[in-house]
Amino acid sequence: MHRVSLFTRYALSRRCMHSSISATKEPFMNGTSCSYVEQMHDSWRVDPSSVHKSWDAYFRNVEAGAAPGQAFQAPPTAIVGVAGAAMSPAVASPQAITDHLKVQLLIRSYQTRGHNIADLDPLGINSADLDDTVPPELELGFYGLSEKDLDREFILPPTTFIAGDDKSLTLREIIKRLQNIYCTHTGVEYMHLTNYEQQEWIRKHFECPRVTELTHDQKKTLFKRLIRSTKFEEFLAKKWPSEKRFGLEGCEVLIPAIKQVIDASSAGGVDSFVIGMPHRGRLNVLANVCRQPLSTILSQFSTLEPADEGSGDVKYHLGVCIERLNRQSQRNLKIAVVANPSHLEAVDPVVMGKVRAEAFYGNDKQCDRSLAIIMHGDAAFSGQGVVMETFNLNDLPSYTVNGAIHIVVNNQIGFTTDPRSSRSSPYCTDVGRVVGCPIFHVNVDNPEAVMHVCNVAADWRKTFKKDVIIDLVCYRRQGHNELDEPMFTQPLMYQRIKETKPVLEQYRKKIIAEGVANEQYVKDELTKYGQILENAYEDAQKVTFVRHRDWLDSPWDDFFKKRDPLNLPSTGIKKNDIRFMIDKFSSVPEGFNLHRGLERTLKGRRQMLQDNSLDWSIGEALAFGSLLNEGTHVRLSGQDVERGTFSHRHHVLHDQKLDRKVYNPLNDLSQNQAEYTVCNSSLSEYAVLGFELGYSMVDPNSLVIWEAQFGDFSNTAQCIIDQFVSSGQSKWIRQSSLVMLLPHGYEGMGPEHSSARPERFLQMCNEDDEIDVDKAAFGPTFEAQQLHDTNWIVANCTTPANIFHLLRRQVTMPFRKPAIVMSPKSLLRHPLARSGIEDFLPGTSFKRIISESGAPAKNPQNVERLIFCTGKVYYELVAARKHLGFEDRVAIARVEQISPFPYDLIQQECAHYPSANLVWSQEEHKNMGAWAFIQPRFNSLLSNQGRVIKYAGRLPSASPATGNKYTHLHEQKELLAQSMNVCKDDLEGFKA
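Per full-length UniProt numbering, the very first residue in the sequence shown carries number 1; after that it's consecutive.
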């Protein structure tokens with residue numbers, strides 16, 4: 001029942017000026033508002049008995065139309081005044097009413113600001129919020145109260161649960177209870193939440209007189225987990241004192257915290273956990289949370305030869321995927337720790353993408369069975385922008401994982417940087433306030449308080465499916481790593497750290513003092529785990545090879561066993577399927593109000609089928625549709641991808657008269673098709689690309705695509721590209737078929753919208769730029785072997801059929817490789833960038849090179865110049881050749897797959913024109929594009945023939961392109977003239 005003093009009701013009746021109890025927020029009496037009257041009114045509407053009789057009468061009068069000042073009726077009961085003395089409403093003094101209101105404000109201030117004075121620092125030297133002052137609103141004097149008021153009794157408002165069954169408390173007891181709840185070892189930030197139900201929920205979980213005391217068995221479990229966490233680090237330090245391991249000393253409670261989150265979440269139905277974390281404590285998590293065999297972990301400290309492909313990575317970057325029984329919930333769990341480089345927060349969106357995919361394939365729409373647990377360092381959490389980008393994904397329909405649990409290992413320092421120099425916000429966790437996330441700060445030297453907030457966090461996520469942050473305020477006992485000397489920069493902090501006992505020692509004394517355990521029990525448990533470590537150490541000495549596959553965070557059971565790694569199947573499809581899909585792609589359901597401009601677009605698609613001249617949008621749709629019909633899930637994500645930045649795609653059609661009524665023809669192919677997800681993303685590249693990468697890692701039988709709005713926008717996702725996409729297989733044996741579509745081409749749109757920077761992707765390719773022609777095996781398996789060995793594919797397609805085959809090849813290949821595709825802009829509608837149905841039929845496949853097919857191919861001995869190029873410039877070269885009348889003298893070949901470099905086909909093409917001068921023509925500047933990649937490969941291939949390839953194109957530049965349209969056209973004509981070996985004047989009047 002709501003308990004509000006009568007003087008408050010009287011004040012409200014005088015001040016709430018809307019008889020309908022509307023959204024009036026008029027302040028009164030030192031800032032109090034009427035907002036909670038609305039909440040009681042809502043409760044009364046459901047159940048009139050849920051409020052006091054006086055409120056019942058008040059609300060009835062209001063509903064009956066009484067004027068604001070006439071709705072209040074004083075009940076016959078007396079109210080409690082000063083020192084508990086009863087007095088009638090008629091003699092209640094204004095001062096007594098004011099004092100009661102002030103106490104209510106004081107309670108709210110503790111709820112709002114109590115965390116600011118909580119005892120959170122285990123070292124006792126810092127304030128977690130960087131402010132040592134006491135907020136004035138937590139002082140009695142702020143309200144005109146003093147110690148003489150401490151024994152006065154006050155009725156409590158309905159917005160607190162500190163009283164339990166009591167209706168009133170003395171001010172002394174009120175403050176005592178508020179301080180115990182909000183100002184001890186736990187600081188609760190939740191009053192920034194805009195949802196009243198969520199605020200009430202948190203108040204109940206922290207304010208209600210509750211049984212927070214753990215049972216003896218629970219305390220013993222906590223103690224044993226602290227033993228494992230602490231002694232594991234001590235063992236590594238003893239055996240390998242000169243090795244970096246980024247140990248957990250100073251935050252040993254992290255292991256019990258994670259395990260408690262898992263225990264509580266597992267009991268609530270979760271059976272798949274995906275963990276992302278930086279390197280600090282990773283080995284401990286792998287050992288004591290995932291239960292990766294200790295001998296496997298310890299063998300990482302030895303000098304071993306790798307048994308598998310790849311270079312591997314340092315041990316504190318590795319991931320794992322383990323399935324095991326959770327003894328607390330008696331449920332089988334899958335726990336994956338995602339491999340992560342030293343870009344600390346880069347893993348955040350990858351984890352989210354993995355969880356989303358797990359939920360999708362498991363038909364777990366609300367993520368009831370899947371949970372992301374992400375750990376952060378304090379400096380990274382507040383400093384890395386991808387954290388905010390990732391938070392922003394969680395309420396987006398096609399990206400949400402329905403809440404993650406974030407655990408901040410708050411070292412209260414960066415590497416050597418004081419928090420006052422590394423953030424502008426009071427707490428390192430303040431980014432969570434922006435997205436309405438409750439934040440629980442807790443002192444790690446009180447492990448039982450940590451267990452409580454972990455239980456509340458797990459329950460919160462289960463109840464509201466929203467993010468929650470646990471801020472473990474701790475310290476780093478060893479400095480940034482075990483070889484670092486922290487006294488250089490933080491002498492006072494580390495003097496205090498040396499004096500601070502580890503939490504295991506503190507908790508040992510506590511449970512012995514409480515009679516939970518005795519010294520013999522403690523000794524036995526320490527001995528038992530010590531022996532486990534010694535046995536694992538002995539077993540580790542017997543390990544002679546590192547099996548990188550033991551560290552896979554996304555194992556694909558049986559995927560590779562069923563496939564011949566050197567067999568590339570045809571990617572063509574049947575003619576009837578093509579006609580059916582184009583018909584679907586060109587239609588809308590009856591009664592759908594289509595935009596008139598799109599009516600012409602759909603009609604044009606049908607006409608292209610009749611004309612046997614299919615454009616880019618058809619090629620792309622056929623690739624997606626055919627895979628969907630074969631049971632392959634397709635996901636296309638990025639900024640404005642539903643329509644397409646250049647309005648070519650239109651995969652989601654919008655009814656022009658009904659809001660939110662849409663039609664996706666590719667999800668309407670057949671009843672048994674796989675699901676096609678096409679989703680406009682937030683304005684993010686870093687987080688969204690990481691998300692799609694994580695999504696692609698879960699199931700190899702899928703096609704996951706991220707499209708940049710313009711190719712150079714991938715610049716802001718470079719960390720994901722460098723650390724995960726390019727090198728993921730080498731470091732972590734992690735394959736992915738992720739496709740990156742990067743619109744590329746020089747159309748005079750300026751330096752920001754021209755180049756997808758292909759040179760950067762080519763520079764990161766792992767193939768050698770020299771080849772021994774005499775020993776090269778250019779046989780039928782050469783293409784497959786190249787694809788198997790490469791780290792990724794870089795392509796620049798010029799025909800709809802070739803993009804169709806490229807996308808389908810991503811799924812039909814017997815392994816998985818990322819594909820970086822320089823996708824077109826002007827070619828989306830170019831009249832020559834068309835393909836006939838015959839290019840899509842069974843027996844056809846991706847063309848790594850499209851050879852010259854015109855007059856030069858029929859009379860190769862007459863060809864003086866063989867131009868190689870890639871991408872859109874091909875069509876301009878063809879037009880310039882025609883303008884000059886060089887159709888018989890100049891051959892033009894398109895390199896559609898730049899990497900792996902098609903040595904075999906390049907050799908054939910060059911041999912076909914033995915007398916021709918070889919030229920590489922590109923739009924990009926000489927220090928950009930593919931030139932630096934192809935030149936040494938061409939010359940190596942042709943070295944025994946005495947032939948070399950020459951460059952035709954723009955000069956080196958610092959900027960990707962000019963921003964002046966006239967200059968662009970001048971440069972474009974110049975490169976065409978160089979390519980054809982003519983003067984620019986010879987192209988007078990030429991228009992591409």
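There's no promise every hint is true.
Using C-beta positions, here's what the derived DEER-type ranges look like [stated by the list, open to error]: (1) 770 with 422: 44 to 50 Å; (2) 484 with 425: 24 to 30 Å; (3) 563 with 184: 15 to 21 Å; (4) 563 with 484: 43 to 49 Å; (5) 701 with 424: 22 to 28 Å; (6) 184 with 631: 53 to 59 Å; (7) 137 with 484: 38 to 44 Å; (8) 769 with 988: 38 to 44 Å; (9) 425 with 184: 41 to 47 Å; (10) 770 with 917: 29 to 35 Å; (11) 984 with 861: 26 to 32 Å; (12) 520 with 417: 43 to 49 Å.
By construction, these hints were calculated from the structure, which means they are not laboratory data. Every residue gets a Cβ at the ideal spot worked out from N, C-alpha and C, and that includes glycine.
How the hints compare with the structure:
Checked against the given bound of 44 to 50 Å, the beta carbons of residue 770 and residue 422, roughly 47 Å apart, stay inside it. Judged by the Cβ atoms, the range 24 to 30 Å given for residue 484 and residue 425 holds: they are separated by roughly 26 Å. A C-beta distance of roughly 59 Å is found between residue 563 and residue 184, which places it outside the suggested range of 15 to 21 Å. Between residue 563 and residue 484 the Cβ separation comes to about 47 Å, which falls inside the hinted range of 43 to 49 Å.
For the pair residue 701 and residue 424, the supplied restraint of 22 to 28 Å is violated, since their beta-carbon distance comes to about 46 Å. At about 57 Å, the CB distance of residue 184 to residue 631 agrees with the hint of 53 to 59 Å. Here the CB-CB span from residue 137 to residue 484 is close to 41 Å, well matched to the stated 38 to 44 Å. For the pair residue 769 and residue 988, the supplied restraint of 38 to 44 Å holds, since their beta-carbon distance comes to about 39 Å.
For residue 425 paired with residue 184, a C-beta distance near 23 Å fails the hint of 41 to 47 Å. A beta carbon spacing of about 23 Å between residue 770 and residue 917 contradicts the range 29 to 35 Å that was offered as a hint. At about 29 Å, the CB distance of residue 984 to residue 861 agrees with the hint of 26 to 32 Å. Distance hint for residue 520 and residue 417: a CB-CB separation of about 46 Å, consistent with the stated range 43 to 49 Å.
When the structure is compared with the earlier hints, violations turn up for hints 3, 5, 9, 10 and for no others.
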